[in-house]
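Q: Top to bottom, those sequences are chains R and Y.
Going by our numbering, the first residue of the first sequence is number 1, and it counts up by one from there.
Going by our numbering, the first residue of the second sequence is number 1, and it counts up by one from there.
Please note that a few of the clues may not be correct.
Treat identical chains as interchangeable: a pair holds within one or across any two.
[Unchecked claim] Result set (DMTMM-like, lysine to aspartate or glutamate): computed pairs, CA atoms no more than 25 Å apart in a straight line: (1) K106 with D170; (2) K388 with D349; (3) K86 with E185; (4) K265 with D369; (5) K251 with E52; (6) K253 with E385; (7) K386 with D58.
No wet-lab data here; the hints were simulated from the structure.
Remember, it's a predicted structure, so these values are computed and weren't measured experimentally.
There are 2 protein chains.
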Amino acid sequence: MAKVAVFGYGTVGSGIVEVIKTNQELIAQRAGEEVDIKYILDLRDFPGDPYENLVVHDVEVILNDPEISVIAEAMGGINPAFTFTKRALESGKSVCTSNKELVEAKGAELLGVAKENGANYLFEASVGGGIPILRPLVTCLTADHIDAVTGILNGTTNYILTKMAEDGADFDTVLREAQNMGYAERNPEADIEGHDAGRKIAIMASLITGKNVPYEKIYTEGITKITPRDFTYAKRMGLVIRLLAMYRERKGKFFAYVAPAMIGKKNPLYAVSDVFNGILVHGNMLGEAMFYGAGAGKLPTASAVAGDVVDCVRAHGQLLPGGWSTEVLDLSEHTFREKKFFIRVPAEDADAAEKVFEGSQRIDAGFADEVGLLTQAMDEVAFEEKAKQVPTMIARIRVEN
Amino acid sequence: MAKVAVFGYGTVGSGIVEVIKTNQELIAQRAGEEVDIKYILDLRDFPGDPYENLVVHDVEVILNDPEISVIAEAMGGINPAFTFTKRALESGKSVCTSNKELVEAKGAELLGVAKENGANYLFEASVGGGIPILRPLVTCLTADHIDAVTGILNGTTNYILTKMAEDGADFDTVLREAQNMGYAERNPEADIEGHDAGRKIAIMASLITGKNVPYEKIYTEGITKITPRDFTYAKRMGLVIRLLAMYRERKGKFFAYVAPAMIGKKNPLYAVSDVFNGILVHGNMLGEAMFYGAGAGKLPTASAVAGDVVDCVRAHGQLLPGGWSTEVLDLSEHTFREKKFFIRVPAEDADAAEKVFEGSQRIDAGFADEVGLLTQAMDEVAFEEKAKQVPTMIARIRVEN
């Protein structure tokens, strides 16, 4: 029997306990032995909880128990999760986590510690919640050179953008609504400013390249400036607005960005709405494949962590593939990729703007005071050059088809 | 260095050679050693082909070469692929295949032979072409009870249905067009009658339940009876028509069918059009996840076979998870699942039909001579009972939301 400890008894942590208890029998079949939870680490007590007797407050109890072979970490945040994870790995215990902040910030180091100590550090749940995406990259698409990933990686912003498109409501109204429904946090910055999506694409880029991609190096733009009028134009063009997280390799150069973009019907991500996530992966042989599902939520996320636990148990101390080094990837300026841009200018400046953005297509969405233009494809350096000549520009959104 | 033999140098076989040669370096990294092709088995010669010197006509050369540890089988059909695969496995060589006919018909037996001889029999490419779906089921969703799969598993029929919807053309016209474009075979029966999709859902059901599901036991209906008028009604209802392959477990009973069905916008498969495949998997913890991509084609399919080869090489003779026994699954009559039906009746019988199908919704698609009805949800036994009372019924299509 494999004995597991769960670090953190919040939403995801209690979900992990629920998954392992509910599906105990089939998990035992798949893991090759029974998997049982021996400890739950939390500072709080949980009187009345069916597993209250498993709760311990002192991490030493768990770290010093040689019976514990796998830990499911669902504490969130860097500290003390980092210290606890590192010490667990040092004592040869494998750690499975949903903690994307930690994986992004300390993944390279923790993967190194794991390897040195014959343990595994797995984090399927850190990207795409319940959607299997990291392990398929590492264990399925092994004959492919993965040169592009485009993801809708944040359910909160996707919900907000979907609602804004449907209701014509403005950002603040929909955000408040999302907060009331529990789809957005009280402090929504990490989501709406794109940092959460940035961390996730950084993890994917690291896994694909084998080098460390700090998310601070990724150009990141949130959705706070998107207005109802942008959706009116998008609809007129048959496009939708999504917060995209993107990784590209072209001729040995690496690009990544997070930003709202307009996409069309031919893009499989077009249909990914509400709180769902979709991740489009391109391989040089495979072409495109998309992975879709619930990118967050207690049980889907817990299901992914529990799947990692099963993997660790059946690996019996063998090192599983996947990971990256501490060497930092040389990320090129994202600005060198060519794409079209959608811009909005005051009606009186439309002619001048059209001269600057030669060959652009005028989009009439029925507003008397302004005009939309869909530019030719260009890189962002060229775009910024031209944009300087249109100082009254109201908005600009990238177009990715 | 791992030495590989490719059985069959047709479309997929030559694709496998191309994938392994093109991505040689990264495949070596991921497999942990170089992977090279030593033989290509084919009855034909390939003068001028860059690998003509690898071609052998006698399988014994390969089976008796102890250096060969993995075989990529892309011969198609049951024989002689079955005999060759069985003998290879008996000699401890692992076999990776795209041959869905063989996996469906002889998978249980071959998996048994593989296990006895410490070899692996892998077949990721047999379902969904390049889309990673079987390995994620076996290695990612391990903490979930998978209780439903709904797939668009055949690209040819999906292309035909998409074109019929777009062009308003009839089945025979679009089929001929698809044949001319190489999207449908000269003998299209296996595709258009649903047998190909049936084999694939049988493989998935076997893998999920661990028991053998012969596709002959699965109720299978093709797309040949779908007419342009069906699409007119579907559009009126905001639905699309897809050939669905379905597996369900409910209260310990197992159901499967292949049939055209109407689905709505909320179903992630709604957006899966043209030659693409989409596979929606439901787990009791995960909820829904969808896998989407090219379900066929030389390189995507070859990419999946080559991924299996990498897995076999890095397994170093260790048995990989996944498989099923020869015990046949007790499949319940698919008819007991409740769903709505769309039916068409002559205008003069509409009132009578509405009395029989109480509570149904009348769909007016502008045809003077007939009327569409969307029934209440019922099982198929109840439906057939009622249908007998409407002998002039023109068409009936299941509705799956």
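Q: Against this structure, judge whether each hint is valid.
A: Checked hints:
1. K106 with D170: Classified as neither; 37 Å inside a copy, 59 Å across copies.
2. K388 with D349: within (13 Å within a copy, 69 Å between copies)
3. K86 with E185: neither (29 Å within a copy, 57 Å between copies)
4. K265 with D369: Classified as neither: same-chain Cα gap 29 Å, cross-chain 35 Å, threshold 25 Å.
5. K251 with E52: Neither: 56 Å inside a copy, 31 Å across copies.
6. K253 with E385: within (23 Å within a copy, 65 Å between copies)
7. K386 with D58: neither (60 Å within a copy, 66 Å between copies)
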